[in-house]
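Participant: Following the hints, complete the assembly by docking chain B onto the known chain A.
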Amino acid sequence: MAWPTIDRNTPVIDKDAPPVLGDAVKTKIRSFFERYETKKAALLPALHIVQESLGCISWQAMEEVAALLEIPPSEVFDVVTFYTHYWTKPRGRKAVVVCQSITCEVMGANELLEAIQRQLGIGVGQTTPDGAYSLATEECLALCDHAPCVLINEKKHSRVRTQDVPALLADPNNDKLDVARSELYDP
Amino acid sequence: MPDYEPVLLRNVGVEGSTTLPVYRKRGGYRALAKALKMSPQEVTEEVKAAELRGRGGAGFPAGVKWGFLPRDRTVTYLCVNADESEPPTFSNRVLMEHDPHQLIEGTIIAAWATQARVAYIYMRVEFHEPFHILQRAIDEAYAAGLLGKNILGSGYDLQMYIHRGAGAYICGEETGLIESIEGKRGWPRIKPPFPAIEGLFRRPTVVNNVETLCNVVHILERGAQWFTSIGPAGSYGPKLFCVCGPVNRPGCYEGPMTITVRDLIHGDAWGRGMIDDRGVKAVLPGGISMGILTGDELNMKMDFADPLKYGLLGLGTAAAVVVNEDTDIRVVLRNITRFFAHESCGQCTQCREGTSWSYKIARRIAAGRGRPEDLDILAETAGNLGMMPGLSICGLSDGAAFPIRTLVQKFRGELEGYIRANCGVRMAQPVSE
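Here the protein sequences come in this chain order: A and B. The opening position of the first sequence corresponds to residue 1 in my numbering, with each subsequent residue numbered one higher. The opening position of the second sequence corresponds to residue 188 in my numbering, with each subsequent residue numbered one higher.
Okay, chain A solo, but in the shape it has when bound:
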C-alpha cells in the first residue's frame, strides 16, 4: 500500500523471547487439526486463539504456531500481515472499531470517530496509556441498518450519536454480549 497505514503489522523480532504459548492454547489449536486435510489449514483458527490469549500475535508466537502446524514461520507472517484482524503489537483490553463504510459515513461516522478520538485522547491505531482502549477503523461491518455503528470487542453498538460517546465509553459493560458465547475459539 502506497500510503502510511496503521502500523500493527511490523512485529518486533526478539530472538531471546521465552516461549509464549501455554499448553491450553496448544491443545486448543491441535483440536482444530481433525477438521482439515492439512495442518496448515488450521492457521487462521490458531491465530485467532493466540490473539485471544495473548492480545496480539508476537514474532515469538508466530514461530511457535509455525512449529505446531509444521510450516515455515514466513508463511505464518505472510498470513498475519495480510489480514487486518491480526495485531502484532499489544493492544488495549477493549478494541473500539468504528465502521467507515459508505452507509456509516453518510450517517455521520466521521463525526463519531472524531468524538471517540477526543474522548479517548488517541488516534486510530493507538492505545490509551492505561491500556484500556485501542481504536481502529474497519471497512463495512455489515451492520448498515444500524449505521453509524461501532464494535467494542465483540459487542455491536447501533446508531451511536456523538453525544452518546462519553456514556458509551464509560460503561464497564460495553463489551458484554447479549447472546450466549460459544467457547470454540477461546483459549
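Hints may contain errors.
What the hints assert, rightly or not - Listed next, the stretches of chain B that the computed footprint assigns to chain A, with coverage defined by at least 3 CB atoms under 8 Å from CB atoms of chain A:
| hint | region |
| --- | --- |
| 1 | 273–287 |
| 2 | 318–327 |
| 3 | 368–375 |
What the hints assert, rightly or not - Computed cross-link-like contacts, DSSO-like style, restricted to lysine-lysine with a CA-CA straight-line distance of at most 30 Å:
| hint | chain 1 | residue 1 | chain 2 | residue 2 |
| --- | --- | --- | --- | --- |
| 4 | B | K371 | A | K40 |
| 5 | A | K40 | B | K336 |
| 6 | A | K39 | B | K371 |
Hint data in this document are derived by calculation from the structure and do not stem from the laboratory. Beta carbons: idealized from backbone N, C-alpha and C, even for Gly.
Facilitator: Leaving out everything else, chain B in the frame of chain A:
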C-alpha cells in the same frame, strides 16, 4: 408488499427462532427428511428446475454449479460463503442471527446433493453474534442427529465446521475463500480450473452463498414449480433486499424481484421514505460495486436483467444505500475508492495500482484540489480495470471500476462544478493522512 408472505424471513421476530425446537415446530427439517429420501441427482435436478440463481452477487444458477462436479470424484467439499463484506449488505447476517437452522438445513441438503462429507461455513470474523448463534445451532444439530454420522438414519455422514475469516473482503471471492480456508492469504486463483474441478485441498468443491442455501430448503419443501411462480422470468424466487442510509426504516426485507428501487426506498413495506422528506440524490442499489443510479432512475427493477439497462454491472447483492440531496457526491466517490484501494488483494497490478490511484485522485477532488483532467483519468482508469477488459484474476476490480465509471458519467456536471470552484469537503481522515 401487503400480499406477500415471507418465506426466508418467516422465523425472524419469532421468539426462540434460533433454537431447534422452535425451528422444528415451525416446519423445520421437513425438507431435509424429504431430500434424504431422494437421490442426490434428483435433488440437483429439482434445484436446476427451479432456476435458482446464486444470491451472492454473480447470479450463477446453483443447480448448474453442482452439476459441474466430475462424476468420478472421491472427496467433495461444500463451502458456505458467509463472508458478507460488500457494503451495504447485511441480509446473510439477518438470516444467521435469526434463523441459523434454516442455513444448516440448506447446507445439509446441498451437501447431500453434491455428496460432500465436510461443509465449511466461511464466516467473516466481525460477525461475532452470528458466530455464537450459529455455532450453538450447529452443536444442537449434532446432538439431535442432524449432523455427524448417519443423519436421520439415512446412512449419510456430514461434518459441519465454521471457519472464521480475519478481515478481508477478497475472501468473499470463491477461490480467495478456498485459499483462506487452506491457511493462506486470500489471493484468488487463476481459473480454470474452476473449484468444481479443483477447489479446496485440490478436491472438487462447491461454494454457495448463505441466502442461496436458505432458498434450497424451500425449493425442496414446496417444489420447483412453486419457486418459479414467484417473480419474473429469469429472476425467480423470493429475494432479500437491504435498504439503508437516510431512510425512515432501514432494514432487510423480503419480496419477489418485481419491485423497483423506488418501492424499496418509499414503499410502506420497505424503507418508508426519506428522513425529513429529503430528496434522493443517488442510490447504489446492488452493493457499492454494481454502480450508481441518480435520483431520476428509481424506476429500475430489482431483478437480474434490469440493472444492465442502467449501465450497472448487475443486481449484485440487492442491497441499496441511499444518498440524500444534502450529501456531497465527492464523499461517495472518496468512500468507494478508499474501500477498493484498501480491499484490493494486491495480486494483479491493474487492480492494486488502479484502485489506489483512483483513491488518491478522489481524495484530491474532495479536498478541493481537483484538476480539470481528473475526471477523464478516473474514467480511463476505471475502464482499464477488471476481468471484463481481461486484465485481472477475479471480479473485485470490475466491482471497483463500475461505481467509478457510472459515478463520473452520471454526476460529471456536479464534479466539474466542484473542481472549477476548488472548494473542499471537511474530512475526518486521520487514518491515512
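Participant: Take the hints in turn and mark each one as holding or not.
Facilitator: So, going through the hints one by one against the coordinates:
| no. | hint | verdict |
| --- | --- | --- |
| 1 | 273–287 | holds (count 7) |
| 2 | 318–327 | holds (count 6) |
| 3 | 368–375 | holds (count 6) |
| 4 | B:K371 x A:K40 | holds, 8 Å |
| 5 | A:K40 x B:K336 | holds, 26 Å |
| 6 | A:K39 x B:K371 | holds, 12 Å |
Hint violations for this structure: none, all hints satisfied.
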